[in-house]
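**Student:** So you can see what is in the structure, the chains are spelled out below.
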Amino acid sequence: MAGLEECEANLVVFLHPSKANCASDAILSELSSLLFTYNETFGGVVLAYDPSIRSNLAKIVPGTFPCFGVQLKAKLLLFNPKPDMVLEGEVVKLTPNSIHAVVLGFSSAVIADDDIRDEFKHKVKGGEEVYVSRTHRKHKIKVGAILRFTVKSFDEEILHISGSLLAPHTGGARWLDKNTDEWSRADSTATKRNTDKLLINGDTSMKNDEQIEKPKKRRRQQS
Amino acid sequence: MGLSNMDELSFTDSELDNHVRNALKDAIQGDCDFYNQLVAVIHRKEALVTEEVALLVTCLKAMTGAVSCVHIVHHRSLLAAILSMSLWDYGTDVMDALVELLISLASSNGDYVDLCLEMLVMNFMPPPAHSARGLSRKIQVLDRVHSTLEDISNLVPLTPLRLQKIVRDKMPHIYMKEHVIMIYAENILRLESGVMGELVGSTGLVALMDKLIEFDVEISWEDIVQDDFHKDMFDIELEDLENPVDDIVQDGDELTRDALIQRFLSSNLSAQKLDSLMVLIFEYLKSCSEGGRLVQVFETLLQSFQKTTLTAYKSKFAQFIMFYACSLDPDNCGKMFANALIDIYVSGLNPVWRMSAVAYLASYLARAKFIPISFVAAMLERMVSCCFLYCENQDDNINPKAHKLFYAGCQAIMYVLCFRLKQLLVIPRLKSQLLLMRIDDVLKHHLSPLQVCLLSIVEEFLRLVKENGIFSLPETLVEHGLLESERSRIFGGIERLDMFFPFDPCLLRKCDSYIRPNYVYWSMVRSTYYEDEEAEGTSDEDVAEGDNGMNIPDGRSHGEGDSDGDEIDSSLDKMSITPRDSSHKFGGRMRRFTQMPSKIRPSTSPESL
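Protein chains in written order, with the numbering used here: chain A, 1 to 223; chain B, 1 to 609.
Hints listed in this document are in silico derivations from the structure and should not be mistaken for laboratory results. Where hints are given, some of them may not hold.
Claimed, not checked - SDA-like, lysine to any residue: derived pairs with alpha carbons at most 20 Å apart:
| id | chain 1 | residue 1 | chain 2 | residue 2 |
| --- | --- | --- | --- | --- |
| 1 | B | K61 | A | T95 |
| 2 | A | K121 | B | P157 |
| 3 | A | K152 | B | L328 |
| 4 | A | K93 | B | G348 |
| 5 | A | K82 | B | D111 |
| 6 | B | K25 | A | L34 |
| 7 | B | K177 | B | P128 |
| 8 | B | K25 | A | A112 |
| 9 | A | K93 | B | P157 |
| 10 | A | K19 | B | K307 |
| 11 | B | K444 | B | F388 |
| 12 | A | K152 | B | D111 |
| 13 | A | K152 | B | E15 |
| 14 | B | K165 | A | E156 |
| 15 | A | K19 | B | G348 |
| 16 | B | K61 | A | D113 |
| 17 | A | K19 | B | I72 |
| 18 | A | K121 | B | S68 |
| 19 | B | K165 | A | A23 |
| 20 | A | K152 | B | N109 |
| 21 | A | K121 | B | E15 |
| 22 | B | K165 | A | I53 |
| 23 | B | K165 | A | F36 |
Here the structure is a predicted model, which is why all the values come from computation and not from measurement.
The following block holds chain B by itself, in its conformation from the complex (with noise of 0.2 Å):
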């Protein structure tokens, strides 16, 4: 047995060394008896004894003086044996001999560097088959891996170069276990704010960005949205998510949509990952803004977030990574964040992207609490003689297609002042600001968009201005009907940019906890216009109670407009002013879009398509 004959015989330090040696250049000429011996020592890691502890010691560190003997092709057994070591594994005796071992390798022959490299950054992730052996093991292992790292960097300046490839390959996929993916993330974020961050830190959290668009992707709409839900509404915006769902269940078997929601996501596996990921990043969001280098993770992010969450299709939650930053950091990444959106659809060169932007844009200035009034004034500035320098030199009539970017831009601008008219108008100077931009002149042109635009938005706003006395707009619109729907789709297009409110409240438990604060939601609104109305039991608490407020009739006469219709009508009941009971008490009038939009739906519905 090899390990025995190597414990009987008791060598010094230095004569292991020279047998160490020869055994190495032994090999190159064909003699492997002690090779192979040296190779079977590192190969056991099996409830390691002290001596054995010991003895496997001692040959990493004879084998770091030896390096310069060791090659590539003839010792390919002994390589291959270091380099499936992991850290895990073993006591710190042996990891720190480990790690000296490879910083030896790596800066000794270019050959190794990569190798090196690749066993470091697998080592972020335990073994398979490791038990979790607690905290202290875990501290132990990433903080040698770190150091080593850096070690090799300072010895091999273009380490962060091969180390950047690495870790963006190494990264584990979508289907692996959480903890793994989590620990992973970890590390990249360590590096990410460690001394090789400026080279290697960026790219890693590209990679995670990617990532959580992964997930994202993962998670489909038509798994949380059930078609066959066309009686069932929202009655709350899912404000109250720390209700567990349990709660929800009324009437026996019956839930809510919003049950089933969460039903779905906590037994999605994806949706569990993304959500502890983000929280994961959240937390490191936060640690960055109090070392105060949140503006340049931030540039990063915002680099990633026009590349990859922009122009992917209605990203459903990794957007609100951007949320959570720039409720860190109002003043620099709030404003960054607008600007760079506003930039785009001003002069982006993709149309598709362009209305993303202002969706995004729409819904971020609506639903960030923390935006300074004026500054929502200043992008509404922006947006509207956008449009009005468009449409000024329009003839034409109305025309969805052929004025898409146009009618994104209303459509955003009503949306804004939706949710913020009233803080606008409280304070002199914005109100003067707002009368002086234009907007009657942009809503009034004869390209129609208070026609064309998502009806229950138009409504929405043209209630609000009419119970305001600002503008001068129709107060309703002449036409109802099929119609409505259609030209708004026309103008989405494939892709439904017209029913796109990427801000919408996060479905992901964990995360909302986070961007809660910070958020506002619709009826935070709707109770500033209609004070009064609150106690005709619209209130949120019945609502929360699973009243039936508004019950949107189920007969609906409206061929394909049917499940666009569903879909826009479930989420619409949150953003209700009217009083819900009417129309159902009343058997008055059917009015279909009575509320407004607030959910983001994915163009499910075949006909759209």
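For reference, chain A alone in the conformation it holds in the complex (with noise of 0.2 Å):
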């Protein structure tokens, strides 16, 4: 899924001189501190870690009271996600106004009614309320359904995601994964174009859509 990505970092945590005979638990909860928040230096918000401690020794750093520094290597999880990236989220809510999903489960997102493409229509049918495609009737968005979205902004502090449903290949995600052709035909040449660059490494040239649709259903596929 895009905004995740692995980093390798380079870390010196500092510990206090009580915890000498406790270390690894010390650096476990010093690195869990981290967790689910947004963190400039990594650029993203820390989602796991898996921590590799080198050796046994660590400087001790003069001050009030002796901290030790031990330095570790540590693979970080980070969650980024930036405009225009394309996100996949659980629904949770459905309103007339809005969708709300949950990404990846801490992570809420929330596409409010603007973002909504015409195309989907809130109906409420048997008590339940669900967006249907105009065009496509099978093409539903029901709670507990995974819902591909673009992001539109993150809020960092409370990990917020803002989303849209605008762009044709947003949407129900097993729907779109089924239909590729329905939606990839109803995107205009330029964004198909556009779409092509992105995936297929600046090849411009223009293929005829065949050729086209099946690297795409490819990299769909393997993504």
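Need the complex rebuilt from these two chains, each delivered in its own frame; the hints are there to steer you.
**Tutor:** In structure tokens, the structure reads:
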């Protein structure tokens, strides 16, 4: 999924002297204090860490009380959604004016009605709220389904995503995966060229529809 | 008038939705006409008639749909109006519309999450001007508040993280009215048992325990124990708290200490609030126990205890939460508590906390009726072996300052045995376990614990040992007098941990009624040792009627030791086993420390500072 990246960081964790006999626990608890907060240095929200401590030696740092600094390398999983990235999340609530989803179980995403393309219509069927596409009856967005949307903005403090369903490749993920021809044909040529550029590494030559679709399909299945 | 404008126009719902949206958008541009009307509608709360209510509800619903147009800066006044609404002031229609709006706001934009959560937490408590409108309104409001919190956390998964902090910050301070504190506490407990319990609950519970300590600290010992009480004494171990205070008055104006304590506590607001708060927690613990979740709640309580109560200077009442929790589940919680305390004593880092821990342990093992005697024996064994290992390699002679932990341990052992010896001796297996513990070696060591520990305990212990013919300890102490008190004071340190018996009878009336069924009073123990002496008029009933069983003679001529002596004396009576009359009637040998100390003693005497 877009927005997730792994990075390797060289860190120094400073520990209080009282933790000298349980250093690894202390390191883990220090690292866990990084979780689910946006970190400027790493450029993303830390979701997971995997430390590997190289040596048993640590440098004692003089100060009011002597801390000791443990050097370690950690693999970090970062989440940093940028505008126009495509993300997926589970729908948790539908209202006539908005769609609410949760991404990766911790980040709330909201799509306001201005950002939902006219194709989708809000309906109440059998007590259940649902967004149905006017053009493709089977394309539905229900509570519990996976939603694919583009990122408009990301609030780093509360990890809140504001999303949009304006682009044709957004909507109910399952339907989109099964019916790539339907929505890719709906794209204008300009949009298609743009997406080609992104996916096929700058090859801007015009190909016919079939040849373009196949690579896209393959890539979609791979990602 | 804004209202009349909106009244006159008859909108359909969708029209109103559009109008509200436009109003919000226009306000950003500068045209605030309709926007101001909207704000005015929100602000109205007094005596709303049906139409006004309907208008308010419709506006709220319209705004719910238009939250994407709300801007945190340009619509400041509207947001302020909404967030200052209190559910307590309205009927259920408005309440429902308002909470929907809050959910919508919180899930639409990260900026509003904290604001909405704060508003909901403030709604835990009725507004100051709110007149008590009965239970139904309270249920309506709180049910909605809690379900809204859950709804928001479904949409914004990080809600519990934010809520933790808000719940802690918004807690009313101890000087607020009792009903406000109580209702907030109820809500914290409700969060704890709810869906978010794992995340928010434990923080809330810890905050509550901290609040208990705050109250505890507010009630100072100087207020309760008045120094001019040399003459009076404790006839009873406050067993008869059921008696109204006046009954204890005797001889005209003369009040016993007990009566004065009761009078003080019933007039002290902090004590009353603490009492009610503790009872609330007791009830909650009981319901947790019935629901099978006591152990996990207990783990949180135990952590909080180790961090705050144990380290607080001589906590007076807050520890009874632990006592009650243990009584609900002796096998798990009861043992967990004792094990935690002994672990701190044996391998803790801070010496003061270690001494405090062993004092807690001793008092707990002595007073908890629900602990099986075999477990007491096991704990004793650990204490003795710890002390034994300590003194095995010590060449030193008596040195109260250097070996505080050792003396504290010895005193604890003796204290527990004073209460539990009979029970241990009755069971052959435990008797032999006791005899194998090497208590003699520890107590007869040249570090001389018998000369350093609190004299009253030592004498009581030696008397019991002699009575039962176990161990081979000196019958009485060679020296008497001032020095003993001096030595125990030294090992007790500034905090006077030599005279710290945290589970002495709880002085809070309501709490006591919960604790009582599981509590061991000294009189209960004493009666098993001296059944024959009951007839001599040292029974509880006599004592309760204010009979001057043991009147510690006034004319003690101990200079500095006086106040300390008084403090010990006054509590000592309860633990007496000697026929009290003897020294009084026969003017015989004045025995100062003849009783078991059984009260928490503050180190108020200047010389101990």
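**Student:** Each hint needs a verdict: does it hold in this structure or not?
**Tutor:** To see whether the hints hold, each was checked on the structure:
At roughly 12 Å between alpha-carbon atoms, K61/B and T95/A fall within 20 Å of each other, so this suggested pair holds. Of the supplied pair hints, the one linking K121/A and P157/B is violated, its CA atoms being roughly 27 Å apart against a limit of 20 Å. For the hint pairing K152/A with L328/B, the CA-to-CA distance comes to about 55 Å; that exceeds 20 Å, so the pair is violated. About 51 Å separates the Cα atoms of K93/A and G348/B, which puts this hinted pair outside 20 Å; it is violated.
About 19 Å separates the Cα atoms of K82/A and D111/B, which keeps this hinted pair within 20 Å; it holds. Taken as a hint, the K25/B and L34/A pair is broken in the structure, with Cα atoms around 39 Å apart against an allowance of 20 Å. About 10 Å separates the Cα atoms of K177/B and P128/B, which keeps this hinted pair within 20 Å; it holds. For the hint pairing K25/B with A112/A, the CA-to-CA distance comes to about 15 Å; that is within 20 Å, so the pair holds.
Restraint check for K93/A and P157/B: the C-alpha separation of about 13 Å stays at or below 20 Å, so the hint holds. Our distance criterion of 20 Å between C-alpha atoms is met by K19/A and K307/B, whose separation comes to about 17 Å. With a CA separation close to 11 Å, the supplied pair K444/B and F388/B stays within the 20 Å bound. The suggested pairing of K152/A with D111/B holds, with an alpha-carbon distance near 16 Å, which does not exceed 20 Å.
Restraint check for K152/A and E15/B: not satisfied, since their Cα atoms lie roughly 29 Å apart, outside the 20 Å limit. For a cut-off of 20 Å, the pair hint linking K165/B to E156/A stands: about 18 Å separates their Cα positions. Distance hint between K19/A and G348/B is fulfilled; the C-alpha atoms sit about 14 Å from each other, no more than 20 Å. A C-alpha spacing of about 16 Å is found between K61/B and D113/A, which places the hinted pair at or below 20 Å, so the restraint holds.
Note on K19/A and I72/B: the hinted pairing is violated, with a Cα-Cα distance of about 44 Å set against a maximum of 20 Å. The suggested pairing of K121/A with S68/B holds, with an alpha-carbon distance near 18 Å, which does not exceed 20 Å. A threshold of 20 Å between alpha carbons decides the hint, and for K165/B with A23/A the separation of about 28 Å lies outside it, so the pair is violated. The straight-line distance between the Cα atoms of K152/A and N109/B is roughly 13 Å, inside the 20 Å bound, and the hint therefore holds.
Distance check on the hinted pair: K121/A and E15/B sit about 19 Å apart at the alpha-carbon level, within 20 Å; holds. In summary, the hint linking K165/B to I53/A is not supported, as the alpha carbons are separated by about 33 Å, beyond the 20 Å threshold. Pair hint K165/B plus F36/A holds up; C-alpha atoms about 16 Å apart against a cutoff of 20 Å.
Figure legend: structure checked against the earlier numbered hints; hints not met, in rising order: 2, 3, 4, 6, 13, 17, 19 and 22.
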